[in-house]
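Asker: Line by line, the protein sequences give chains A and B. What the first sequence shows, in this note's numbering, is residues 1 to 403, in sequence order. What the second sequence shows, in this note's numbering, is residues 1 to 403, in sequence order.
In short, the hints are calculated from the structure, not lab data. Hints may contain errors.
A pair counts as met if it fits within one copy or between any two copies, since identical chains are not told apart.
Derived DSS-like pairs: lysine-lysine, alpha-carbon spacing no greater than 30 angstroms straight-line [stated by the list, open to error]: (1) Lys-19 with Lys-81; (2) Lys-28 with Lys-390; (3) Lys-28 with Lys-159; (4) Lys-19 with Lys-159; (5) Lys-81 with Lys-26; (6) Lys-28 with Lys-81; (7) Lys-28 with Lys-308; (8) Lys-390 with Lys-159; (9) Lys-218 with Lys-159; (10) Lys-386 with Lys-81; (11) Lys-349 with Lys-311; (12) Lys-335 with Lys-308; (13) Lys-390 with Lys-349; (14) Lys-19 with Lys-168; (15) Lys-335 with Lys-390.
All figures in this text were calculated on a predicted structure; none of them were measured in a lab.
In case you want the letters, here they are:
Number of protein chains: 2
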Amino acid sequence: MPISTSIAAMMQNSSFIRKMFEEGSKLKMLHGVDAVCDFSIGNPDMTPPQEFQAALMEEAGRQEPRIHGYMPNAGYPYVRKNVADFASSEQGVELTAQNLLMTCGAGGALNVALRAIVNPGDEVLASAPCFVEYGFYCGNYGAELKLVPSTDTFDLNPKVFAEAVTEKTAAVIINSPHNPTGRIYPSETLAELAEVLDEASRRIGRRIYLLSDEPYRKIAYDGIEVPSVMAVYPHSLVATSYSKDLSVPGERIGYLAVSPGADDAEQLIGALTLCNRILGYVNAPGLMQRTVARLQGVSVDVGVYQAKRDKLRAILDDAGFEYAEPQGTFYFWVKSPVDDELAVVDALKKELILTVPGRGFSGPGWFRISYCVDDAVIERSAEGFKTVRKQFPSQPNPPLERT
Amino acid sequence: MPISTSIAAMMQNSSFIRKMFEEGSKLKMLHGVDAVCDFSIGNPDMTPPQEFQAALMEEAGRQEPRIHGYMPNAGYPYVRKNVADFASSEQGVELTAQNLLMTCGAGGALNVALRAIVNPGDEVLASAPCFVEYGFYCGNYGAELKLVPSTDTFDLNPKVFAEAVTEKTAAVIINSPHNPTGRIYPSETLAELAEVLDEASRRIGRRIYLLSDEPYRKIAYDGIEVPSVMAVYPHSLVATSYSKDLSVPGERIGYLAVSPGADDAEQLIGALTLCNRILGYVNAPGLMQRTVARLQGVSVDVGVYQAKRDKLRAILDDAGFEYAEPQGTFYFWVKSPVDDELAVVDALKKELILTVPGRGFSGPGWFRISYCVDDAVIERSAEGFKTVRKQFPSQPNPPLERT
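The following block holds chain A by itself, in its conformation from the complex (with noise of 0.2 angstroms):
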């Protein structure tokens, strides 16, 4: 074998979606990249705010000696001070520049903690369905991704967080608002779950970390407000980009905060800086710290995205569609008509609609729609949208129940 067993494994099971996607680019091939509605990944059509043009351009203009050169591996002071007071308003704590490191996007900031925090043969909770990349990250450095079940409503189920814990448990990884189910956790939720990692932590002698990934934070609906993880439970990190509220995913900038209150903080930030160095990413690309710097508090207009979801909730209740409320993100999370939504996703494709499924996601029987879309994608599914929800009539769902 020459490569690595963990990766010839990941390859062979990841064979399965890449077919999926080479189907879509021949799908595209044949009937033109018009005529096919790909709701399959998420890549924010909306372009960057206005104000993200100008910081790039006049960031991009200076020329001083090293403007292009390495900066400590926690990022440029300034930036993360800026960053930091932004950061403090969101999460309701006080954080400082030393609180937190500027990143190579939230995959960065996951992956940085992690192999600070994880031993091999350690273990991470996660609830599923969930964002399939957190095992490949968690299996980077020799732990494993235990998930766990969400609630009827997608909601985090704290009962079941506190059975699985065992002593190998390091940390728990939870993403709000949430890829692929769009939900958002209530307070209330946050702080059982706390409550629980606080009693586990005693019960095992050693301090669970709450990862709470955020990249979608801006993007929520109706004027949720996102709760805090670190209001609630001190020993949280938070993981997040500027990737989904800017419309920047190519340019990989995010970050990493601590919160203050956490067991060992300043020992763990500088843990962090030393991994986010030693995984290669040395430090977050400095054009863009310096741009979005600029920028905090700055977002794409999520009222457009308010509007496609509305636009595609009447196209999926017109079709007759279950789906989990979605009240932020740009993802509908569905429930497929028959258990294996396989067949669903294969009708769909011959109507030259790409959704992805389910079990991509540990969430068998649903598929996630991904509506960073052009309007026009949106409306011109509609029907492809009808002709297979009746072409698969014989299990009519119950009503799912909504919080």
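Following the hints, complete the assembly by docking chain B onto the known chain A.
Answerer: Leaving out everything else, chain B in the frame of chain A:
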């Protein structure tokens, strides 16, 4: 222990180097930045070439939809093609876009390569002295870096590599032009190493990959051409970055190329692309990909570095220091007049000259001078070097044999 055992151990060990940097900062505070000759790190002071500035401004000005969006994990196809075309001319083998992926600098490229290749418990070989991070990179994925000594003139020693190979050997890392010694490995040595690795791979029944870390390829002096590893060993991967030759180390842009003749090349590229994703890089920063695509073959004026080398060489000669013959990079590898190089590094610090002790590179008895600094800094250091050399007269060096 709230943090990973391996990370905690590293923090313990690296506190020595951190202390050094802290002392350096203290000196600058006390005496003023301009009074201190900081030769400690490789953060180029040259501004990027004007072509970089022009390309960056043009690419930053683009506002097409998804211009800052995700692209394939391996990078934009056209960028990979441009880079492959130029890399073919450097490496003397035919590389296509399919043979390489864009990465977050050479550090990112090496992490991606190691994640894809090694299993926990594997060994990776390198020649000492070497860049300290190699060991950390291997450790990230449970592999161990085993160092073998270089020759007296800091060339590779293929014979000791042959002896060091075990069944656990997954790869060999080499670096030319070499940090910290400034040496460039001649093609005969590379050919000899290739033969050794071929023989050893057959012996252990496993293909040993050669990872060539080449961020200083363009910084070679006196007309020396840096020989290609791909030309002599088809199972080679080249990791590199634009950090040094475009003076943009903070922007994190580079690439990883796989020799088209490598065993299982296609599977390997697939694995590397997957690893680029799951290590959280996702993709190399998009704007920088597009910028460097337009700058193939462009670099800072290497003559400027060569002139700095000559200036510093005259100072070291005048003071009576011995050193490895510097053929490239912007480092001088200087022999300490006494076995304990820390004493000399400390004495230099008293003269406000900051250097790095060789033990930081597994090369005790030597120290490194990084001369990617202003000419005035080099000139100002002359008296200090003389003074310190006089303080250590007791162990006159036998003249170092040079190749």
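Asker: At most 30 angstroms between alpha carbons: which applies to Lys-335 and Lys-390, within, between, both or neither?
Answerer: Cα proximity of Lys-335 and Lys-390: one copy only (14 angstroms, versus 81 angstroms across).
Asker: Between copies, within a copy, both or neither: which fits Lys-28 and Lys-81 at Cα up to 30 angstroms?
Answerer: Close across copies (23 angstroms), not inside one copy (46 angstroms); limit 30 angstroms.
Asker: Under a CA distance limit of 30 angstroms, which applies to Lys-349 and Lys-311: within one copy, between copies, both, or neither?
Answerer: within (20 angstroms within a copy, 68 angstroms between copies)
Asker: Could you place Lys-28 and Lys-308 in one of the four classes (within, between, both, neither) given a Cα distance threshold of 30 angstroms?
Answerer: within (23 angstroms within a copy, 56 angstroms between copies)
Asker: Which holds for Lys-28 with Lys-390 at a C-alpha limit of 30 angstroms: within a copy, between copies, both or neither?
Answerer: within (25 angstroms within a copy, 75 angstroms between copies)
Asker: Within a copy, between copies, both or neither: which one fits Lys-218 and Lys-159 at a CA-CA cutoff of 30 angstroms?
Answerer: within (28 angstroms within a copy, 59 angstroms between copies)
Asker: How do Lys-19 and Lys-81 come out at 30 angstroms by Cα distance, when the copy is not named: within, between, both, or neither?
Answerer: between (44 angstroms within a copy, 24 angstroms between copies)
Asker: Between copies, within a copy, both or neither: which fits Lys-19 and Lys-159 at Cα up to 30 angstroms?
Answerer: neither (38 angstroms within a copy, 46 angstroms between copies)
Asker: Within a copy, between copies, both or neither: where do Lys-390 and Lys-159 come within 30 angstroms Cα-Cα?
Answerer: So Lys-390 and Lys-159 fail the 30 angstroms test inside a copy (39 angstroms) and across (72 angstroms) alike.
Asker: My question is about Lys-335 and Lys-308: at a cut-off of 30 angstroms on alpha-carbon distance, are they close within one copy, between copies, both, or neither?
Answerer: within (19 angstroms within a copy, 67 angstroms between copies)
Asker: Are the CA atoms of Lys-390 and Lys-349 at most 30 angstroms apart within a copy, between copies, both, or neither?
Answerer: Intra 15 angstroms, inter 80 angstroms, cutoff 30 angstroms: intra-copy only.
Asker: My question is about Lys-386 and Lys-81: at a cut-off of 30 angstroms on alpha-carbon distance, are they close within one copy, between copies, both, or neither?
Answerer: neither (51 angstroms within a copy, 43 angstroms between copies)
In terms of the numbered hints stated before, the structure departs from hints 3, 4, 8, 10 and 14, listed from lowest to highest.
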